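Given these sequences and hints, build the entire structure.
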Amino acid sequence: MAYSLVVNGQTHSVDVPADMPLLWVLRDTLKMKGTKFGCGIGQCGACTVQLSGNAVRSCQTQVSTVGARAVTTIEGLSPDGSHPLQKAWLELDVPQCGYCQAGQLLTAAALLVKIANPTDAQIDTAMNGNVCRCGTYLRIKEAIHLAANGGRRA
Amino acid sequence: MKKTSKTAQLDRRQFLQVSALAGGGVIIGMYVPAFAQQGPGGRGGPQIPWSLAPNMYITVHPDNTFTIIAKNPETGQGIRAALPQIIADEFDVDWTQVKIQQADLDPRYGPQNEGGSRATPVNYDPMRQIGAGGRLMMVTAAAQQWNVPAGELTTGSGTVKHAASNRTATYASLASRVASMQPPAADAVKAAYKDPKNFKIIGKPIKGVDNVAIVQGKPSFSIDFEPEGTLFAVFDKCPVFGGKVMSANVDEVKRLPGVKHAFVVEAAGRGANSLASGVAIVADGWWQANNARKTLKVVWDEGPVASQNTITYLAQSKQLAATEATKLPPEGGRGGAAVGNAETAFASAAKVVEAEYYFPLLSHAPLEPQNSMAHYKTDGTLEIWSCSQIPNAQNPALGAGIDPAKITFHLVRAGGGFGRRLTSDYDVEVGKIARVVTEERAKAGLPSVPVKLLWTREDDISHDQYRPAGYHFFKAGLDQSGKLVAFRDFVASTNSVIPANEYPRGFVQNFVVNSAPVTPFDIPTGALRAPGTNGVSFVMQSFVDEIAIAAGKDPLQYRIDLLNNPVGDAPGGFNAARAKGVLEAVRDMSPWNTRASLPKGSGMGVAFQFAHAGYVAYVVEVAVNAQKGVDVKRAWCAVDIGRQIVNPLHSQNLVQGAFIEAMSHMMAWQITIDKGRVVQKNFNNYQPTRMSQAPVSVDVKFLQTDFDPTGLGEPALPPAIPAITNAIYAATGVRIRQVPLNSAGYAWV
Chain A
1 MAYSLVVNGQ THSVDVPADM PLLWVLRDTL KMKGTKFGCG IGQCGACTVQ LSGNAVRSCQ
61 TQVSTVGARA VTTIEGLSPD GSHPLQKAWL ELDVPQCGYC QAGQLLTAAA LLVKIANPTD
121 AQIDTAMNGN VCRCGTYLRI KEAIHLAANG GRRA
Chain B
155 MKKTSKTAQL DRRQFLQVSA LAGGGVIIGM YVPAFAQQGP GGRGGPQIPW SLAPNMYITV
215 HPDNTFTIIA KNPETGQGIR AALPQIIADE FDVDWTQVKI QQADLDPRYG PQNEGGSRAT
275 PVNYDPMRQI GAGGRLMMVT AAAQQWNVPA GELTTGSGTV KHAASNRTAT YASLASRVAS
335 MQPPAADAVK AAYKDPKNFK IIGKPIKGVD NVAIVQGKPS FSIDFEPEGT LFAVFDKCPV
395 FGGKVMSANV DEVKRLPGVK HAFVVEAAGR GANSLASGVA IVADGWWQAN NARKTLKVVW
455 DEGPVASQNT ITYLAQSKQL AATEATKLPP EGGRGGAAVG NAETAFASAA KVVEAEYYFP
515 LLSHAPLEPQ NSMAHYKTDG TLEIWSCSQI PNAQNPALGA GIDPAKITFH LVRAGGGFGR
575 RLTSDYDVEV GKIARVVTEE RAKAGLPSVP VKLLWTREDD ISHDQYRPAG YHFFKAGLDQ
635 SGKLVAFRDF VASTNSVIPA NEYPRGFVQN FVVNSAPVTP FDIPTGALRA PGTNGVSFVM
695 QSFVDEIAIA AGKDPLQYRI DLLNNPVGDA PGGFNAARAK GVLEAVRDMS PWNTRASLPK
755 GSGMGVAFQF AHAGYVAYVV EVAVNAQKGV DVKRAWCAVD IGRQIVNPLH SQNLVQGAFI
815 EAMSHMMAWQ ITIDKGRVVQ KNFNNYQPTR MSQAPVSVDV KFLQTDFDPT GLGEPALPPA
875 IPAITNAIYA ATGVRIRQVP LNSAGYAWV
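Each protein sequence line maps, in turn, to chains A and B.
Counting from 1, one number per residue, gives the positions in the first sequence under the working numbering.
Counting from 155, one number per residue, gives the positions in the second sequence under the working numbering.
There's no promise every hint is true.
[Stated by the list, open to error] Calculated cross-link-like contacts (lysine to aspartate or glutamate; reagent style DMTMM-like; alpha-carbon spacing at most 25 Å):
#	chain 1	residue 1	chain 2	residue 2
1	B	K408	A	E75
2	B	K787	A	E75
3	B	K372	A	D120
4	A	K87	B	D248
[Said to hold, decoys possible] Every beta carbon over 10 Å from chain B, so not counted as near; a handful from chain A, in silico:
#	residue
5	S4
6	L51
7	A68
8	C132
9	R152
Hints in this document: simulated from the structure, not taken from any laboratory.
Fair warning: this is a prediction, and the values are worked out from it, not measured in the lab.
Heads up, the beta-carbon is just placed ideally off N, CA and C, and yes, glycines get one too.
Dropping the structure here:
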């Protein structure tokens, strides 16, 4: 089937099966490797992208259901790495292995659009679907606060 | 690039090597025997033949920037920054002038393994020698050029300065002179080491070298590398360990959309890095290849392991304990120890404490599933890109059936390792699959292409090398004063061994550790982060806690009191003063001494561990509600890994992460076996710790004692588990003797 996808502001035409997950359309068809495969069942959040600004699991999103909704991946979070969360992630040296961080960033970015200055509890609720196997949660949370605070340390 | 190579006479004292670069730069390398004094690399590592060929560690570019080689595999432990930091600091350049380049697998670099927290102890001194030797040559070259004494020269930011004449020379401007110099001898280089108080990069908060690429989603991981034309493979193996393909409908699978190849693979080789029997499916895209597994029908010969179950292992361990626990280990037996006469001491003890402890098999579950890419070429060579922790050409060579000398091996960043990638079965598999694909394409007149093998999460959890389970049967005897006078640990073993230097051995007059194997036990086992102690610390530090409570003593002080009274020599490198040091430090940095004021349902626990040459102690505060809901509130951690922390920023991250991994072990992780196959399949029933469950803080203090620097990947994990379960005891009065806790009705709040 042919689908038209708007990914990071660019329209792509893809000819793929209707039930192909958006994750694999991004990785295998569009060759965008930033979105990661972790579990394939929506448990780990490594594949998180935004659909119309909402964080979703791209491994659980069939391409036929995307429609005209804008897809934002880690490659499109900012054109040059200047998103406040990306800067905060670097400032606090968040990653260990780094594999989950694209998904963490997209969930956190969706959160900050909805709640500009979230509490710890609001961050926990929003981020609980994103596993960090290395356990960098303390720094992720601190980085979200840092970005929400305009890059100034509390 | 390399124009000339000055092959200096191989003097035993001379180990540096320089080569001119076309265009005016220089390459500084090292003869590998400088590593040989350090002993072999990580445990289980391949035997790499020592080579006298020079490697290249520093490239001085004409624009006075520097490329420094990162020799070891990176899985998140931060080694891609840490080892180049050591070179750059001794070379005396600015970190901003440095570009890091990952080395390929090459015997000229010596051991290139990630495992056993060995990278820092093995490489710290050789990396200093390379940097200091390079700096010494720059100084010598400037002294010759300006005809001034070398002692009047200083360095900094990749330049040499002569203050008296106000002259400065960049390293790049000295490169051609350095390239024609005789490199200095080892003793001269060691004499030129920086005083550590002048370090500018070692011991400083250096950020991860791939962080910018990671936060922007640039291809960084093994799974991301995909040359033009790559095909994608899955490999379907028998759910029962050791099972074999009898038949499979590969012709039907081959007709599915996108599928290019489907074939049965025969088992080959022995041990962990062998080739399992299975069915390979290769397609244009990975999703198509994996989707084809829905159509794949395999008739398996499940083999003898299909009769094995976890509940049988546990039942047998209890039977073994009933008949074997009071026996003494055979003289010189592996993992056993007997000092004094424990049975006699139990008989005359004022108080006896007995307890049974269990911990389960565990899967590693790094977040990036196992994958590897290989290109088998029609000339019989193979190129591989892999995220193995112990990259070894023998693995793809076994799969492809070729000589390891025909392998070119590229090291690619891994999305976590934790010991899983010490076994490289995926490298064996991809070697085989890539060769068959190339040969089938050649018959059809098609050129060879790379093949990327990617496992599913289910493949990974079902086909791991599992952390051995532990079945421990303890008995302790106390005298009237509460002093521990006799200690026995009987272990029903599933390939598990108690470290010979495991505390409290060496601090009890009558001490026995003995084991007997659970048989049959044919589940593949391997090293998980902190092998040897990641489970043993839970049982030992919990039982010691029970003993302290039975004695009516402060559990932290009781551990110190034991350490103060060694019986004979301390075993196996265990340093009681360092163990005491971390216990006292964690007591002083935490509110341990005010824990009595905590509200009902809250408590603090303590534990310490000597693991992989490091000493780590935790105090943890938890609250437990009436519904067995556990809230790990705060943790304090004291670490002694010697005098120099190479990268304090990443080191703090590693300790906090180890604590959070330990929470997964404690609450939720276990692998059970039913009819020879793994029951858990994915994160839905193998739940890692999530953000809301993490404590508010894990305060970390590095003691920096006067011992050689050692590694940090492992030692911070093991004692976190008993520190939490001991805190649960303090909060509730319920002693936790089995993990994970969710099997006993506990959950995170």
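Inset, instruction - Mind listing which of the numbered hints don't hold for this structure, in increasing order? - result: 1, 2, 3 and 8
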